[in-house]
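**Student:** Okay, here's what each chain looks like letter by letter:
There are 2 protein chains.
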Amino acid sequence: MEKKERAKQAGPGAGKGGPVGPLFLVGLGLCDEQDVSARSIELLRTCTGLFAESYTNLMREGTLRRLEEKIGRKIKPLGREEVESEKIILDACSLGPTALLVPGDPMTATTHSSLITAAKEKGIEAHILHASSIFTAAPGAAGLQIYKMGKTATITYWRKNYEPAAFIDIVAENLARGAHTLCLLDIDPEMGCMKPSQALEIMEKAQEKRKKENPALAPVLSPATPLFVLWHVGWPDQKIWAGKKEHYPYSGRPQKEPGSGPAASAPSREPDGPAVILIAGKMHFAEEENWKSLSR
Amino acid sequence: MEKKERAKQAGPGAGKGGPVGPLFLVGLGLCDEQDVSARSIELLRTCTGLFAESYTNLMREGTLRRLEEKIGRKIKPLGREEVESEKIILDACSLGPTALLVPGDPMTATTHSSLITAAKEKGIEAHILHASSIFTAAPGAAGLQIYKMGKTATITYWRKNYEPAAFIDIVAENLARGAHTLCLLDIDPEMGCMKPSQALEIMEKAQEKRKKENPALAPVLSPATPLFVLWHVGWPDQKIWAGKKEHYPYSGRPQKEPGSGPAASAPSREPDGPAVILIAGKMHFAEEENWKSLSR
Chain A
4 MEKKERAKQA GPGAGKGGPV GPLFLVGLGL CDEQDVSARS IELLRTCTGL FAESYTNLMR
64 EGTLRRLEEK IGRKIKPLGR EEVESEKIIL DACSLGPTAL LVPGDPMTAT THSSLITAAK
124 EKGIEAHILH ASSIFTAAPG AAGLQIYKMG KTATITYWRK NYEPAAFIDI VAENLARGAH
184 TLCLLDIDPE MGCMKPSQAL EIMEKAQEKR KKENPALAPV LSPATPLFVL WHVGWPDQKI
244 WAGKKEHYPY SGRPQKEPGS GPAASAPSRE PDGPAVILIA GKMHFAEEEN WKSLSR
Chain B
4 MEKKERAKQA GPGAGKGGPV GPLFLVGLGL CDEQDVSARS IELLRTCTGL FAESYTNLMR
64 EGTLRRLEEK IGRKIKPLGR EEVESEKIIL DACSLGPTAL LVPGDPMTAT THSSLITAAK
124 EKGIEAHILH ASSIFTAAPG AAGLQIYKMG KTATITYWRK NYEPAAFIDI VAENLARGAH
184 TLCLLDIDPE MGCMKPSQAL EIMEKAQEKR KKENPALAPV LSPATPLFVL WHVGWPDQKI
244 WAGKKEHYPY SGRPQKEPGS GPAASAPSRE PDGPAVILIA GKMHFAEEEN WKSLSR
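For the record, the sequence lines run as chains A and B. If you read the first sequence in my numbering, its first letter stands for residue 4, the second for the next number, and so on. If you read the second sequence in my numbering, its first letter stands for residue 4, the second for the next number, and so on.
Same shape as in the complex, but just chain A (with noise of 0.2 Å):
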């Protein structure tokens, strides 16, 4: 159907700023387009507009293509810019549903959210359709208890004059709470995926300047501080490395003899790919023994 066709349907104030929509924000889920709700994959196959937003996670290759196959229509993947602005997604919904596609659980990205007061505002109906999301599949996978996620932090890479370290507070404060601390490594277009090593590192340095600041402050993490790392998080080829800090073996340090403790049969190399970390708090008997286990 062509766009004029669409608009005359959809009523008088169609494509004229009127509102029609409704906007839908649908979630991919964790992995791909098989993580994405019969319910969504039914009303997709509904909507005039089909948008996809991809700087907020990474999917794996190829699931906006298998997914237009799945529901036999087109999907124009758009950027940070056209998102923000509101403009693209907005004027499509004057001529009918008008669906954006976002990965994850779609409103745990914050820009989202005014997206949807926008289209309120125009007297636009928004909804949305969830799906999964690393916020509970992370602790789920480590055997931590959900109940005791502190605050999120997210450690962006430090560039030039950019050394953002208010996330090192945030850790400091769910310990100090016995909380565990989910930690979101950057995504960024040109730096790519941050390595769980690099976050590391960087923590280690926002601890520095904490205490350079502060010089009666205890120090955040120790050596001992035991964490998760998680790559692929509900992908079919998930993986997760846990033990004691210092134990983490892609830390630039020399890696550890074969035998010698935690992660000794880890791959050579530190894994690709969208990784999150857990700093475990207080833990509770059930959750340490499975840190344990995953140590070994």
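Quick caveat, the hints were computed from the structure, so don't treat them as lab data. Nothing false has been slipped in among the hints.
A pair counts as met if it fits within one copy or between any two copies, since identical chains are not told apart.
Cross-link-like lysine-lysine pairs, in silico, BS3-like; alpha carbons within 25 Å at most:
id: 1; residue 1: Lys123; residue 2: Lys295
id: 2; residue 1: Lys248; residue 2: Lys198
id: 3; residue 1: Lys242; residue 2: Lys123
id: 4; residue 1: Lys247; residue 2: Lys295
id: 5; residue 1: Lys295; residue 2: Lys125
id: 6; residue 1: Lys242; residue 2: Lys125
id: 7; residue 1: Lys123; residue 2: Lys79
id: 8; residue 1: Lys285; residue 2: Lys123
id: 9; residue 1: Lys125; residue 2: Lys90
id: 10; residue 1: Lys77; residue 2: Lys90
id: 11; residue 1: Lys247; residue 2: Lys212
id: 12; residue 1: Lys247; residue 2: Lys123
id: 13; residue 1: Lys90; residue 2: Lys295
Chain A is already provided as a structure; the job is to place chain B on it using the hints.
**Tutor:** Chain B only, in chain A's frame:
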């Protein structure tokens, strides 16, 4: 295929306590069988043992029946004790691939972590298939930033000589840090889903108890505390109320006159079914705008 034949196919140890499996914990998501991922549906069709627990959350009426039709297989519902004893499920693993279906994202219920540990101890591989969860969906629907969620509070029914009040300290700690709190409300086989009005009443009592034990402590909640109350999150009939605590329209106090403020348009009685309360901490401008727009 008969059990004996399956056991034969599965290898010499099968049916005699030897490790077979794998065990899959499969998320049912927020609402019904339409939230189960395509990846999980494919997998369920290959399992020789299929179980479901339905005590950590409530699914929509008929969910399991419709899921059975979709996969062409029978699913056996298990009570809490049957799941927690682990025997039925681990015995089934000795005959082949076995799945336990769990509402939401499966590992958010802490009891299932010990099932995975027990499976691994028997040499049975365990995998998680993730799905949508109240932990990300509720803040998302309320427009609260997931990064600012503190520890989760669970409010259970108070009974004679059993008045758990530790949750109020969690709320207090979160508020002191500016963090938001997700309050999960009890689901009891006899009492049913706790209503938000009941939860708010228990919150008041817990606050009084806390004050009594330590008179120096400031009250945790005030009449002006901003709340979000959400029913049926992720269901097609999801409902949200937002406003100050004192304006919650179903608190047993006389109902507000129509037109006298927030929630005047609310239905005459408190909705039934699963509900959660979000207690907002320090709201960002966009979060507050959203709260205000929902309050109108």
